[in-house]
Structure formats: structure tokens, C-alpha cells
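Let the hints inform the model, and build the full structure from the sequences given.
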Amino acid sequence: MVVEIHVPMLPTPDLPDGSYPFPWIEEVEDFLSGLEDQGGVEVFDEAEEDGDAYVFFLTGAGEGDLLAAASRVATLPGVPAGTVAVLSNDEAEQFGLGRRVPLPLPAP
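In case it helps, the working numbering puts the sequence shown at residues 260 to 367.
None of these hints come from the bench; they were simulated from the model.
Worth double-checking, as some hints may not be accurate.
If you anchor each label on the Cβ, the simulated ranges turn out as follows [said to hold, decoys possible]: (1) E295 to N348: 13 to 21 Å; (2) D311 to G357: 30 to 38 Å; (3) G323 to F354: 21 to 29 Å; (4) E322 to S278: 30 to 38 Å; (5) P361 to G310: 25 to 33 Å; (6) Q353 to P275: 17 to 25 Å; (7) P365 to D309: 20 to 28 Å; (8) R358 to P275: 38 to 46 Å; (9) D324 to L274: 32 to 40 Å; (10) G321 to S278: 35 to 43 Å; (11) A327 to D349: 19 to 27 Å; (12) D304 to A366: 12 to 20 Å.
Ideal Cβ placement from N, Cα and C applies to all residues, glycine included.
Written out as C-alpha cells, the structure is:
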């Protein structure tokens, strides 16, 4: 199983002039790298822009753990609202095919 985390490509508001408009991309990559180092999940592939979203890929755990990690991504500072997870697999021919789950998940 692969969970695609689709984050809307929205610039961070109120940044100083000349700043990179998407600093949340590096924040998410650092966060996911930390999770991978802890052994909870695996970063499946390089994140990349796809249309109006930036897509991160997670695998290496069960659906619940992958969705929990994706939900944490959606609550990181600066990550735009509207982030969704797509449950897919490594055989998918394109992004976004699979069950869509709005993020963050509701609290249990």
C-alpha cells in the first residue's frame, strides 16, 4: 500500500519579499524523513508537483499508521488546508487513483 499525500500548491502568506513561497515543502520532507528514521513508515518515492498539488508518498506500514502519518503532515505549521490522502499502490499508473481521505483525520 502507498499513501499519496496531496498538498495544495498554495504559497505561504506573509513571507518576506524574495522568499521561497513554499517553505512547507521542506518542512514536510524533514518530518517524513524523521518518521522514516524512527522506522514507522518509509518514504516511497521523491515528492513531486502534480498539477495544483505537491505529492508526497508513504509506504511500509498498515493503512492506519500511514493515514495517521499523513494526518500529522496536514497539521504541520504552514501546510495549506485542503490536504488529502489517496490510498493507492505502487502499481498505479498515475497519481490520485484510489480512495481519497480528507486530512487531518478527526480525533478518535
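Practice task
Confirm or reject the claim that Q353 and P275 have a C-beta distance inside 17 to 25 Å.
Solution key: violated, 37 Å
Handout entry: Distance restraint hint 35 to 43 Å, applied to the beta-carbon atoms of G321 and S278
Key = holds, 38 Å
Practice task
Hint says 25 to 33 Å; check whether the CB-CB distance for P361 and G310 agrees.
Solution key: violated, 18 Å
Exercise for the section: With 13 to 21 Å as the target window, see if E295 and N348 comply at their CB atoms. Expected result: Since the Cβ atoms of E295 and N348 sit about 19 Å apart, the hinted range of 13 to 21 Å holds.
Exercise for the section: For the range 19 to 27 Å, tell me whether the beta carbons of A327 and D349 fit it or not. Expected result: holds, 20 Å
Exercise for the section: Take the C-beta atom of P365 and the C-beta atom of D309, compute their distance, and say whether it sits inside 20 to 28 Å. Expected result: holds, 26 Å
Exercise for the section: With respect to the beta-carbon atoms only, verify the hint that R358 and P275 lie 38 to 46 Å apart. Expected result: Once the Cβ atoms are compared, 40 Å apart, the range 38 to 46 Å for P275 and R358 holds.
Problem - D304 paired with A366, Cβ distance criterion 12 to 20 Å - result: violated, 30 Å
Exercise for the section: Could you see if the CB distance from D311 to G357 stays within 30 to 38 Å? Expected result: The hinted range 30 to 38 Å is violated for D311 and G357, with Cβ atoms some 18 Å apart.
Handout entry: Cβ separation of G323 and F354, checked against the hinted range 21 to 29 Å
Key = Since G323 and F354 have Cβ atoms about 22 Å apart, the given range 21 to 29 Å holds.
Exercise for the section: Starting from the range 32 to 40 Å, see whether the pair D324 and L274 falls in it by beta-carbon distance. Expected result: holds, 33 Å
Handout entry: CB-CB spacing for S278 and E322 relative to the 30 to 38 Å hint
Key = holds, 37 Å
Checked against the numbered hints above, the structure violates hints 2, 5, 6, 12; every other hint is satisfied.
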